[in-house]
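From first to last, the protein sequence lines are chains C and P.
All residue numbers for the first sequence refer to my numbering, where the first residue is 793 and numbers rise by one.
All residue numbers for the second sequence refer to my numbering, where the first residue is 40 and numbers rise by one.
I should point out that these hints are in silico values taken from the structure, not numbers from a laboratory.
One or more of the hints may lead you astray.
[Said to hold, decoys possible] Taking lysine to aspartate or glutamate pairs in the DMTMM-like style, the calculated list, with each CA pair at most 20 Å apart, reads:
hint, chain 1, residue 1, chain 2, residue 2
1, C, K848, P, E114
2, C, K828, P, E142
3, P, K69, P, E142
4, C, K848, C, E830
5, C, K859, C, D818
6, C, K828, C, D795
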Amino acid sequence: GEDVEQSLFLSVREGDSSVINCTYTDSSSTYLYWYKQEPGAGLQLLTYIFSNMDMKQDQRLTVLLNKKDKHLSLRIADTQTGDSAIYFCAESITDSWGKLQFGAGTQVVVTP
Amino acid sequence: DAGVTQSPTHLIKTRGQHVTLRCSPISGHKSVSWYQQVLGQGPQFIFQYYEKEERGRGNFPDRFSARQFPNYSSELNVNALLLGDSALYLCASSPNRDSLNTEAFFGQGTRLTVV
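From just these sequences and the hints, can you work out the full model?
Structure follows, in structure tokens:
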């Protein structure tokens, strides 16, 4: 199974906020990431947060990090139909060149 | 500028055959990583190459191998294909050691189907 855990599905109405949650395992991870994957496409890096930060905001995206609980969340404000995709949480593995540990992904469906 | 390009985009192979997947990183990027994404799962790390040397290897059998060329492009080879090797194979490139993941860009992937 995945060491990074995410809920599998989220349905949200257009214009509402979406919150995707993730728990990770490596307490010494340097960075944590959120990726987006649309059908038939590769992965798009949305945002990342350094482990010594609690929050990072980037336009409609807000990342919250709770290191004590190893919990990461991504909030998408004013969700649009183009935000429908699978969202992956990932952590960079300590002492491992370039290795990312991904969750199974959360499918977000935005309804009009 | 061209992004990360992978070829072929789709491939069908028979069990027991061998396959070679190719990846061209973004111009100037020296690092290439390979991931396997089975349907319904997140990507799993296979290999990471930096400056033509293997720097990381995931939990995959020896049937999987890779190399990076002087121009920083890369090949992933899989021998003795199994049905379970059917997946989307993703390549990611990044410019240097300090930004292996924070500036990683993924290609569109190669969809491999083993029958």
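Status of each hint after checking the structure:
no. : hint              : result
1   : K848(C) x E114(P) : violated, 36 Å
2   : K828(C) x E142(P) : holds, 15 Å
3   : K69(P) x E142(P)  : holds, 12 Å
4   : K848(C) x E830(C) : violated, 23 Å
5   : K859(C) x D818(C) : holds, 10 Å
6   : K828(C) x D795(C) : holds, 19 Å
Of the numbered hints stated above, those contradicted by the structure are hints 1 and 4, listed in ascending order.
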